[in-house]
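Each chain is listed here by its residues.
2 protein chains.
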Amino acid sequence: MVNSTLADILPKVKSSSPEPRRRGRRTGESGTRDAILAAARERFGAVGYGAARVRDIAADAGVDPALVHYFFGTKDALFTAALELPYNPAEVLASALPGDPEGFGERLATALVEAWSRPGASSALAALLRAAAAHEPTGTATREFVETVMIPTLAGAAAPDEPDLRAAQAASQIIGFMFTRFVFEVAPASTVPLEEVAPRLGALLRHTLRG
Amino acid sequence: MVNSTLADILPKVKSSSPEPRRRGRRTGESGTRDAILAAARERFGAVGYGAARVRDIAADAGVDPALVHYFFGTKDALFTAALELPYNPAEVLASALPGDPEGFGERLATALVEAWSRPGASSALAALLRAAAAHEPTGTATREFVETVMIPTLAGAAAPDEPDLRAAQAASQIIGFMFTRFVFEVAPASTVPLEEVAPRLGALLRHTLRG
Numbered sequence: 168m169v170n171s172t173l174a175d176i177l178p179k180v181k182s183s184s185p186e187p188r189r190r191g192r193r194t195g196e197s198g199t200r201d202a203i204l205a206a207a208r209e210r211f212g213a214v215g216y217g218a219a220r221v222r223d224i225a226a227d228a229g230v231d232p233a234l235v236h237y238f239f240g241t242k243d244a245l246f247t248a249a250l251e252l253p254y255n256p257a258e259v260l261a262s263a264l265p266g267d268p269e270g271f272g273e274r275l276a277t278a279l280v281e282a283w284s285r286p287g288a289s290s291a292l293a294a295l296l297r298a299a300a301a302h303e304p305t306g307t308a309t310r311e312f313v314e315t316v317m318i319p320t321l322a323g324a325a326a327p328d329e330p331d332l333r334a335a336q337a338a339s340q341i342i343g344f345m346f347t348r349f350v351f352e353v354a355p356a357s358t359v360p361l362e363e364v365a366p367r368l369g370a371l372l373r374h375t376l377r378g
Numbered sequence: 168m169v170n171s172t173l174a175d176i177l178p179k180v181k182s183s184s185p186e187p188r189r190r191g192r193r194t195g196e197s198g199t200r201d202a203i204l205a206a207a208r209e210r211f212g213a214v215g216y217g218a219a220r221v222r223d224i225a226a227d228a229g230v231d232p233a234l235v236h237y238f239f240g241t242k243d244a245l246f247t248a249a250l251e252l253p254y255n256p257a258e259v260l261a262s263a264l265p266g267d268p269e270g271f272g273e274r275l276a277t278a279l280v281e282a283w284s285r286p287g288a289s290s291a292l293a294a295l296l297r298a299a300a301a302h303e304p305t306g307t308a309t310r311e312f313v314e315t316v317m318i319p320t321l322a323g324a325a326a327p328d329e330p331d332l333r334a335a336q337a338a339s340q341i342i343g344f345m346f347t348r349f350v351f352e353v354a355p356a357s358t359v360p361l362e363e364v365a366p367r368l369g370a371l372l373r374h375t376l377r378g
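Top line first, the protein sequences correspond to chains A and B. Numbered by this note's numbering, the letters in the first sequence go through residues 168 to 378 in order. Numbered by this note's numbering, the letters in the second sequence go through residues 168 to 378 in order.
I should point out that these hints are in silico values taken from the structure, not numbers from a laboratory. C-beta atoms are modelled at their ideal positions from N, C-alpha and C, and glycine is treated no differently. Errors might be hidden in some of the hints.
What the hints assert, rightly or not - Computed from the model, here is a short list of chain A residues facing chain B with C-beta under 8 Å:
#1 V221
#2 V353
#3 P366
#4 R367
As the list claims (entries may be wrong) - In the DMTMM-like style, the derived pairs of lysine to aspartate or glutamate whose C-alpha atoms are separated by at most 25 Å in a straight line are:
#5 A:K242 x A:D227
#6 B:K242 x B:D223
#7 B:K242 x A:D227
#8 A:K242 x A:D331
#9 A:K242 x B:E352
#10 B:K242 x B:D227
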């Protein structure tokens, strides 16, 4: 039920998860992968990102947990594949961390814009955000991802006074931009070329996190 | 169809529209008001805020356009009543305009927090935002409201260099905050007392509009 609702809403965009390495039996490999994805959508949808355990997803799919890691690597990557985004948001966030904290906002904005520019990204994002807003389980999974991955990562680059509040405000800015550009398509937020977005969003994130 | 979907999604919150003045016939007054609201929801949902004309809504409801103005005042107020928010967003935006432009961000944040603190406001906002994200016609109406009312009002208080982009960014911040607090309920955005939100949001809006 939950699964079919999610599957109905989410677009069929190529997953960013790597191709399975060519080892072991070939027969049924894509069937196994699809069974894991279906179980992951069901469980992420039902109990949220935090409470969904890889070993439970594996059990639901009738496979060994090692196969989940074989196909998808980490739980983050499985979450991403289940929601069909053509990039891994946790990796995009983490990619901006190395380097001078003062430049984190600009690096993050550049990385976000690069991710949003990938083929299929804008429609996948719009579908995910719509599902997150309208569909309680997807919203719960999204909230938990923001709370347990996004805000802690942002807080790691924030100034030491109230880093969590700064991070929450920065997360809210990113989410607000995604809704105005990809869901509501409000001009001029939706009409400015993405490459012009990076310096503006970067300056704003820097001010929020470090100013 | 559109109407029933909207009516299913939106909460039954007391409208902010004034009580009808006690003149003219009493009998059927609430029936007439409800018929106008139903026609307004249908038409705002079907064609959006901008294209919906008061005289068409009146015709749909089988009443004279003067009756729409009698019950609801302006088209803005009718839109608000149709979406059941316990405040008029256009009025909240406009209320912050008088005074020093440098202080607009803080005045707007204070006015928004006052509006969000009204009984039923948070659930009504969540329902409206969910509907706007998931339900194409409501999303269209919301986008048009943001483009034709919200951003122009914000731009009126922005610094003269790129006021529209500043206004779009400020609108995106307000929308992002509403989604993180009222829809996704992301901590700490959702747990900070609203009265502590005003100075932070105000400073951010000032920076975005004037910095």
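Hint by hint, here is what the structure shows:
{"no.": "1", "hint": "V221", "result": "violated (24 Å)"}
{"no.": "2", "hint": "V353", "result": "holds (5 Å)"}
{"no.": "3", "hint": "P366", "result": "violated (12 Å)"}
{"no.": "4", "hint": "R367", "result": "holds (7 Å)"}
{"no.": "5", "hint": "A:K242 x A:D227", "result": "holds (15 Å)"}
{"no.": "6", "hint": "B:K242 x B:D223", "result": "holds (12 Å)"}
{"no.": "7", "hint": "B:K242 x A:D227", "result": "violated (53 Å)"}
{"no.": "8", "hint": "A:K242 x A:D331", "result": "holds (24 Å)"}
{"no.": "9", "hint": "A:K242 x B:E352", "result": "holds (23 Å)"}
{"no.": "10", "hint": "B:K242 x B:D227", "result": "holds (15 Å)"}
Figure legend: structure checked against the earlier numbered hints; hints not met, in rising order: 1, 3 and 7.
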